[in-house]
Every structure is written in C-alpha cells, then in structure tokens.
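Could you slot chain B with the ligands onto chain A? The hints should help.
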Amino acid sequence: MLGTQAAFVKFSEVQKTYDGETLVVKNLNLDIAQGEFLTMLGPSGSGKTTTLMMLAGFEMPTQGWILLEGRAIETTPPHKRNIGMVFQNYALFPHMTVEENLAFPLKVRKLGRAEIEIKIRRALDMVRLGTYAKRRPAQLSGGQQQRVALARALVFDPKLVLMDEPLGALDKQLREQMQLEIKHIHEDLGVTVIYVTHDQSEALTMSDRIAVFNDGVIQQLATPAELYERPQNAFVAQFIGENNQLTGKVIAMDGGVCTVDVPGLGNVQALPINVEGVDRPTTLSLRPERVKLNPVPGSYSNIVSAHVKELIYLGDHVRIRASVAQQDDFVVKLPNSEGVAQVGPGELIRLGWKTEDCRALDRL
Amino acid sequence: MATMAAQITGSADRVPLRLKLQRVERRRKLKAFLLVLPLLLFILTTFVLPIGRMIFNAVHEDTLLRLMPRTMSELRGWDGKDLPDEGVYAALAADLKQSWADKTAAEIGKRMNYELPGTRSKVTSSARKVSTLSTDTYKDALIEIDPLWARHEVWSLLKRGSSAYTAYYLLRSVDLQYGPDSQIVASPPENAIFRHIFLLTLGISISVTFATLVLGFPVAYLLASLPAKYSNLLMIMVVLPFWTSVLVRTTAWVVLLQQHGLVNEALMALHILSQPAELIFNRVGTIVAMTHIQLPFTLLPIYSVMKTISPTYVRAARSLGAGPFYAFWKIYFPQTLPGMAAGCLLTFILCLGYYITPALVGGPQDQMVSYFVAHYTNEELNWGMASALGAILLTATLILYYVFNKLVGTDRMKLG
Ligand SMILES: Nc1ncnc2c1ncn2[C@@H]1O[C@H](COP(=O)(O)OP(=O)(O)OP(=O)(O)O)[C@@H](O)[C@H]1O
Ligand SMILES: [Mg+2]
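Protein sequences, first through last, are from chains A and B. For the first sequence, position 231 (counting from the first letter as 1) is numbered 231 according to UniProt numbering, and the numbering increases by one without interruption. For the second sequence, position 97 (counting from the first letter as 1) is numbered 97 according to UniProt numbering, and the numbering increases by one without interruption.
This is chain B alone, in the form it adopts within the complex:
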C-alpha cells in the first residue's frame, strides 16, 4: 500500500521534475551558446561562408545564360542532333549585337574559349560583324561570317550554357571534359595535368609526413625522457622555427642548398662530391624545406602523449622479462600511437595545402594543387577552375580524414 502511494506520487512528480530540469538545462545551454557565439560568427563569416561560396563557384556558371538570354531560351527546344534552325540563329545574332553594344562579347569569347580553345577571337569578330548585319536568313549569314557557327560542338557548348550549373570545371580538374555531343571524354594530353598534380600533392605530403615522423619520433622520445633542465632547452630548439616566418625559413634553405651554398661547398670540401649536387629548385629542396617547417607539428602531439606515459609501464615490462628493445616496442611504442596519428594527420593535411614553399624552393615539376589554385585565381582570373580544384582538394582531404578516422579513430587521437 505504502509503495503504491509512493509510486503514484512519484509519477505525478516526474513531469514537473523533468520540466524543471529542462528549464535549468536550457539556461545552461543558452549561456554556453553565448560564450561560443563570437567564435561561431567569426568562423561562419571567415571560413564556412567563403568555402561554401567557393564550392558554389566550382559548379555555378551563368556567363552564357546572362549574356545570351535569347539564344539560351531558343536553344531549350533544340534536339541537339542537326544544326539548330533559323530561329536560334536569329536569337544568336540578336545576342551578339547586344553584346557588341554592351562590350560583353569578349567575356562570352573567354567563356567559350575555356571549352573550345581558339574560339575567343572568332566570337568577338563575329559580334563586331553581326552588329552591322541586317538580313532575314541569319543562319547562312552567320555561317558566312564565321564557319564556327556551323560547328556542332559549338552548339553543344551553347546548349550546356543554358543551365546556370556546369560540371565542366570539376571534370577538368580530374582530366575529363565534354566531347562534341556533350558526352564526357578524357581531356587531350596537353590539358590532362591535374590527376598528376593531385597525385604529386599526395606523394609530397606523404613523403614529408613520413620524414617528419622518422625525424620527430626520436626527438620527442628524448624530450619526454630527459630531465627538465635539458628538455626545456631542447624544446626551445624544437619550437624555435615556429617563431620565425615561413618565408624566412624557406629562403634560408635557398641559401643553404643552392649551387654554391653551404651544403654543397661543405660536401665538395670534404671531397664527397666532385661537382655541386642539385639540391634546390627540385623535389629534394621542396621536401627538405617542408619537412623542416612541419617537424614541430608532428613532433609536439607525439611528445605530449609520450609525456603522459608513465615509466612504470616499461619497468613493469622489464620486470616481467622483456629486454629493453622488446619492452619499448611492445609496451611503449603502441601507447604513442594516438600521438603519432594526430601529429601525422595534422602535418599531412597542412602539407596538402602548401603553396609558398614549393613555389620558392621547388622546380616547375614540384608545384602542388595550391599553386594552380593561385594561378587560376590571380593570373587567368578563372575562378571556376580555381574553385573546382579547391573543392576537390577539400573533398579528398575530408575523405582521407574519414578513412584515417575509421582506421585509427579520433578517440584514439590526442593533440595535446
């Protein structure tokens, strides 16, 4: 009887209790949210929005739709088999006239030139000639002005332009493009450079990550096991590069590694080399300089994990009969894995985006994806290509991170 009563009051109390809890929780959550709000806004405006915009740029392309509205709407009815009929040509003539008057013909030419090299000047000259043309048979007249307008692939291109979205840039970034009938084909060899660039970027990043791991692990171990008065000094030496700018460090490598730089002179003075080795403006220089810059990023997470590994584990292993190396390998080393995973991931992802170092100490064959992103942004003003390359790099990074996460697990990763 008593327990029944207790149960009843208990269940009656439960609802207000939960509400009370919710109210308290809500206030707590609101407070927490207000604390992160400034950072959230900052990240949103400086990171999420630009990146979203960039990914959008990679697929959004409305130059033709904007500058040739008549042609685009006429083309919707085109079946894509034979050349379009007179109505489409009339619309084209009208658009070209308009563009000549608005001085936008060059823009149309540039856009078409991306996909069909050599069309730029033809488009502008057609526009100039059409501006003074008046006839009833625009089809013949336009083909007369330039045979370009009788080419099927040109019309396929224009037809694709009637959508504000295009996969063209993304396709180009993986060495594919549209064929004459809008089918997807491999890019011609002179354009098919990007797969190689991505593989190169991957290769350099893996090499640098590996090099930092091999160089950094023993130093981290030393740092973690030395008495404080020595380890502090060593730590300063490790993080010293952090305090100098990347540019300074990179140019320092130029001084060291150039033809008559310190390293070559020393090797020759010691008669190890008879003539200077090519150490810079090639792959060697790139990897050496990047390894130097990335070393602390790999090392510090490993160090911070090692610092937490109590020496009693190895002692326990020794007392159980394991020799020094076996105890290290079976007991100490596995416990450093979270740090190695975090450090390597950090370095690897940072390497994927390297730009300035390969640009300064690498050769033409060592330029990574970021170089081309910069090239398309600054020199060619082809933002679509720049965005597509960036978006693919971002996606590849996320996929690699995901795979890595599946293999290692973030819960097993420790940054510090």
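Chain A with its partners taken away, still in its complex shape:
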C-alpha cells in the first residue's frame, strides 16, 4: 500500500519530552497513506495523545520532523493546518447550538451563508442528527454529542481527521454502533483518519493498519489480521486478543523451527520470530483457539497433558482453564462441538498445537 507514493503524513525520527528528563515519544517513524484509516493503539500513557497533538500543532516535537503532504508543518500554526479533530471529551462549544458549532469552521473560512447552510445540513444528515440543529450540546446524549463532534470535524472537508479516543465515554452497544458509523463515513468520504484508542477490539474492527504503542515506541505497525496472527513481540501478542504465554529457554534452532525448553513441560516446537539465539530466554505465544483438545497422538507436533481447573460454558464456545507447566491460567477456547462439554474440572486432558501457531518471541 505504501512505498510507491510519497506518504501523506510522515513522522520522521520524532521525539518528545515534556520535562526534559523522560521521553514520552521515542524516535517515532511512521508513514501514513492518503485515505488510510490508521489506529494508534496502546495502554494509557504510551504517548498516543502526545503524538496526535504534535500533528495537530498543539505540542512541538523536541526533535525530528513531521511532514504533511511532503511539507514540514512545524512552522504552520494549528489553525492553518486544516486538520479536523475529534477530542476525547468532544469539546463542543457549550454556548453554541449544534448548528452554530458546525458553522464555526465554515464562518472562519468565510464561506457564504447559503453554502454554510448546505454544508451543515449535509453534515448533520451524515451523522443522522438532522432534527437536532437547534439544540445545545448539554441537551444531547453522549452518543449524539459524539456524532456532532464528528460532524464538526468533517464539515469543512479536511483531508486529515484526528480522533482521540472519541468513543471512550460511550456504552458498549453505542460504541459498536458508532464504530461502524465512523468506518462508513471514512469509506464514503475517503478522508485520512488517524484514530487513537486503547480498546483493541475497536482497533481491530475499524482500522486499515494499527500502530501498537507502548512506552513511547511503536511496537508493531501492521494490518489487524497480521497483528493478530503474527505478533512480532510479546507485548503485542499479549495486548492484542487473548494469548497464552509460556516462558522458556531456546535450546536448539533448526531452519524455521526452534526447540524451547519450558520448565515443567519439556520441549516445545515453535516458530522463532523474535529470539536472540540458542540458550536465550523466550516467551512462547499461543492463541487459545489454536489449541486442540485430546488430539490423536502424533497429529500435532506439541502435545502436553493438563489438569482442567475450570470450564466456562459460553453457548457457542467453551473455555477451559487448565493448569499447564505449573501455570493455572492456560486458556483453551473450543467450539461447542460434541464431547467438549463432558470435560469436567480436575480431569486430566491432553492439549495439542501446531508449531506454526506457537510463536517464540522476546522475553517480556
């Protein structure tokens, strides 16, 4: 997707410190293509908002460059950057009606009255709030305010829209509905969206690509599927989706496969993704749904025995919490096919998984 054309937004070796002691953003390199939906995902305090604020012009990078359409933007003041922004707390102007809020960026741009009317109408229809034009923000529900904030960030047709945890305050159902709405608006308008969240399922459903932040560093930048299927390090594996972790030591590397000695479990075959070499510690990452219950002996490269601790029945699937290698939190997720529900706590079972599904990553 990238590479052929020049990046629409480019962060180049960007660093940021507030206090002159700790780097909140460390050496950020990130290219974003035009029309892309890129999500910054990461735990609290990982520097996502700071990155967004540097792009919007409210914070200055301590070092490095930010390019927008190939031009450095450091010298452009925030109001000339033409970047739409949805703030975490909406930031709707409380003393203005919905209509006036939407008219604000248009009036600043000195558009004609008729044109403003048309654009407001279109924006309100887009977020399906046509009848709320005369209300004040305080008279709207959280979700409605959210949609107004979205409409306001889009009404002046910016090429780039930044959204900082815009759905953080909404309940689950509304959040899922809004996720789809934002996604559809993005597809319809073709704007470039940089989206910040710390909700991984939100990131997975909406994004073209996800940049996983931790501690001021992008841990991995990839499509949602790639990120889930092929995490590059233990942090990403742990942060995205459910994950079983086993720690051990690499004892042999042979072509595309490594053998890891996991205490209490013996040797495990895994893919060496991010290991330092033989005799070095590693974390094995294994998705719960890739584990098979009581496999035919020999059909899987890794088969271990385990004690069932707990069985959670969830209708379409069943989760088994088992004790593997002295760890009690090994989770297996199985489709609710016959025989599964017969397993009871305390029973001894066998679990098997393929080498390809078990990734040897860096030590956490």
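Incorrect hints may appear among the rest.
Derived lysine-lysine pairs resembling PhoX-like cross-links, with alpha carbons at most 25 Å apart [to be verified]:
(1) A:K119 to B:K330
(2) B:K406 to A:K134
(3) A:K333 to A:K309
(4) B:K159 to B:K110
(5) B:K229 to B:K307
(6) B:K330 to A:K110
(7) B:K330 to A:K80
(8) B:K122 to B:K139
(9) B:K139 to B:K103
(10) B:K139 to B:K159
(11) B:K103 to B:K159
(12) A:K26 to A:K10
(13) A:K134 to B:K330
(14) A:K159 to A:K183
(15) A:K333 to A:K292
(16) B:K139 to B:K110
(17) B:K97 to B:K122
(18) A:K107 to B:K330
Hints are computed from structural coordinates only; laboratory data are not their basis.
Coordinates of chain B with the ligands only, in the frame set by chain A:
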C-alpha cells in the same frame, strides 16, 4: 383481567404510599430546617428586622400626632381652604401649653422646621408665650403672638401631621416636597441635592466596576492559565489586600497620592509633571482607592469560572481554523460571561454602599449616598431622612439587580 387487578391494587396502594412519602419527606425537611435555623434567626434579628424597621422609619412619623393630640384631632374636620376656626386654635394653644410644661416644644419645632425652615424658634417662643396666656379668642391671640399661625402652609403641615405616616422623607430624598397646599412640588435648589447624589453614587459605582473588570480580567486569565507554582504566588498577591483592613489600605492611598506623595514625586522626578497633580481628595482618589479594594471581588468569580473552562475548547477552535484571537473572543470569552456577571454585580452592589473610602480620600463633591445616611443619623439625628435615603438605595439596588437578572440570568451567574 390480570392487568385490571394490578391496576386496582395499584390505585389502592397509592394513597398510603403518598402518605408514607410525605411522612419521610416531612422528617427530612424538618431536619434540614433545624440545620438552617440558627442562621435564619441570626439573619432575621440582625438583618431583616433592622432593615424592615429602617424602611418603616422612612414613612412613619408621629411626632406631631403624639405631641399635639388635641390640634390633630380638631384638624381632621378642617377643609384646608381658609385658616381653621377658633376651636382649632384653642386646641393648638392647649397643646402648646402642654408641650411647654412637658419640655417637648423644641421637638415640635424641630419637626416643623424640617418642612418649613425657620419655624423652630417661632414654635418654641410661641409655646413659651402661650403658657401664660388666658383668653377666649385664641385665634387672634396666637396670630398676635406670632404671624406664623396665620400662614396657610403651617396649617397644611399640621394637617399632614395628623397622620402617623408621611411621604415627606421619601419625597425629599428624590428632591420633591410638599407645597403650601400639600401638593407635591420640586424642592428649592438649595435642598435639591439628592438626585445628583444618587446619580453620582451610580456613576462612581459603574466606573469602579468597569475599572475592576478591565484590570481584573487579564489577571484572572493569567491566574487560570499559569502553572500552579506561579499562579499560587500571584493568587496570594491578589488576595493580600483582603487581609489588610479597608482603613489601612485607604490611608495607604493617601500616602501615595497626596500632594508630595510617592506618585507625584516620581512623576515630577521623571519630568512628566512640572507641578503636583491633584490625585487625592477628589474623584480620581475615590475611584482609585475603591478600585483597589474591589478588585478581588470582581476578579475571583471570573477566575473561578475560567478555571473550569477546559483548554480543549480553544484547541478545538484552533483546529477548526480559528486564529488565536478569534478563538479567544468567540469561544473562551463568552464562557467567562457568567463569572464576569457575578463579579461585576458583586462589586457594583458593594460600591453603592461605600462610605469610609470616599469620606477619607474623596472631596466634598465625591460623597456618596451612604455619607448622607451617616450624616443624618449621626449629626442631624434625623432618622427619617437617613431611613428614606437608605430605603431608596435599597430599592434602587433591588431594581438594578432585577434588571440585571433579566438581562443575564442568575442561572448563568457563578460566584465560585
Ligand atoms: N502537558 C503535559 N505535561 C507533562 N507531561 C505530560 C503532558 N501530557 C502528557 N504528559 C505525559 O506524557 C505521557 C504520555 O501521555 P499521553 O497523553 O500522550 O498518553 P496517551 O497514550 O494518550 O494515554 P491515554 O490512553 O491515557 O490517553 C504520560 O506519561 C503523561 O504523564
Ligand atoms: Mg490520550
């Protein structure tokens, strides 16, 4: 069928339920009432009662009714056209005799003197002379003693005195008075000072309010946007004047602004002035000193409102394309209005009642209503006038508050 049954039991339950709620509510209300009771009593005895009493004083006046009961009751039948007849004069003579014996003649004289200047001594001397008089034709005899008693306006005044209530003080406070036939006329120029005083009070209060707003707004903004370690220091400097007495601060201004005070000396040393400017004991001194005292009252409500305005609003405005000044003016400033309204109202109302500062640093032309209230209370012992001025000031304040409230709305005002 089932829903019907539910409805019936529902309606049967409703009454006891409401009663139950009422009982609970009553107990809760009683508790709340007991909590505010001490304050309520305090306010009632120290605020509501004295003010009620003061307003009553402004219209209640029974000196004549009390000290000249016979005349007053005789006068009820007087048609107010010609001079009263013999019976009234006889009653007057009897009252004057009595007052001479009771040593209350001076009080009558003082009361009549309010409305008819120059009558005081005439009344007392008449009383002295009447005390030894015995005749059948009191009318001629009294007019003989003093032509005062042949003046129609004197009788109009006495007739008005037969009511325990008078509008005289209130009329005087707005430069009106009773004419010879009890009609309302404008006060003569030497008495017509109060409209001017009220306008002056209003003018000074508005000037001071405006000055505190202009000076205080930027400081409040700075306070609200500085990092805590600087803003704390600045805040201490802002409220420091609160911790010194008004008297000390006012006299400090005398030191600074007097003829050879710091300010004049400095300006002259810098050759900005060639001779000392009149900075004190005039309007300038009054407004400067009052502004200084009132500044925190305007500033603090503005500050507390600004503190609650999230910086993301201005950021949002900037991201939507507004320049720094436009974002401030259209987004930040309107949100500070509740604080400005509260601060200005507070300062304005406090200014209306200023007494000590204009008295110390103002000239004779800068004395506000309160000065005259004090003057009538302490020096002239004319409580009626003092009360009337106070009552009119109170009413004007309430009206201004009402108008202000209509324009801004209390729900949009925030004190902190
Ligand atoms: N204005 C500031 N001054 C000083 N430090 C700041 C400032 N803003 C953020 N920080 C610090 O920078 C770090 C990163 O903050 P940032 O707001 O970018 O995190 P985030 O990834 O957006 O987190 P969250 O998910 O909680 O919003 C945090 O440790 C925070 O304490
Ligand atoms: Mg954030």
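Structure-based check of all given hints:
no. : hint             : verdict
1   : A:K119 to B:K330 : holds (21 Å)
2   : B:K406 to A:K134 : holds (23 Å)
3   : A:K333 to A:K309 : holds (14 Å)
4   : B:K159 to B:K110 : holds (17 Å)
5   : B:K229 to B:K307 : holds (15 Å)
6   : B:K330 to A:K110 : holds (15 Å)
7   : B:K330 to A:K80  : holds (18 Å)
8   : B:K122 to B:K139 : holds (16 Å)
9   : B:K139 to B:K103 : holds (23 Å)
10  : B:K139 to B:K159 : holds (17 Å)
11  : B:K103 to B:K159 : holds (22 Å)
12  : A:K26 to A:K10   : holds (15 Å)
13  : A:K134 to B:K330 : holds (18 Å)
14  : A:K159 to A:K183 : holds (16 Å)
15  : A:K333 to A:K292 : holds (9 Å)
16  : B:K139 to B:K110 : holds (23 Å)
17  : B:K97 to B:K122  : holds (14 Å)
18  : A:K107 to B:K330 : holds (11 Å)
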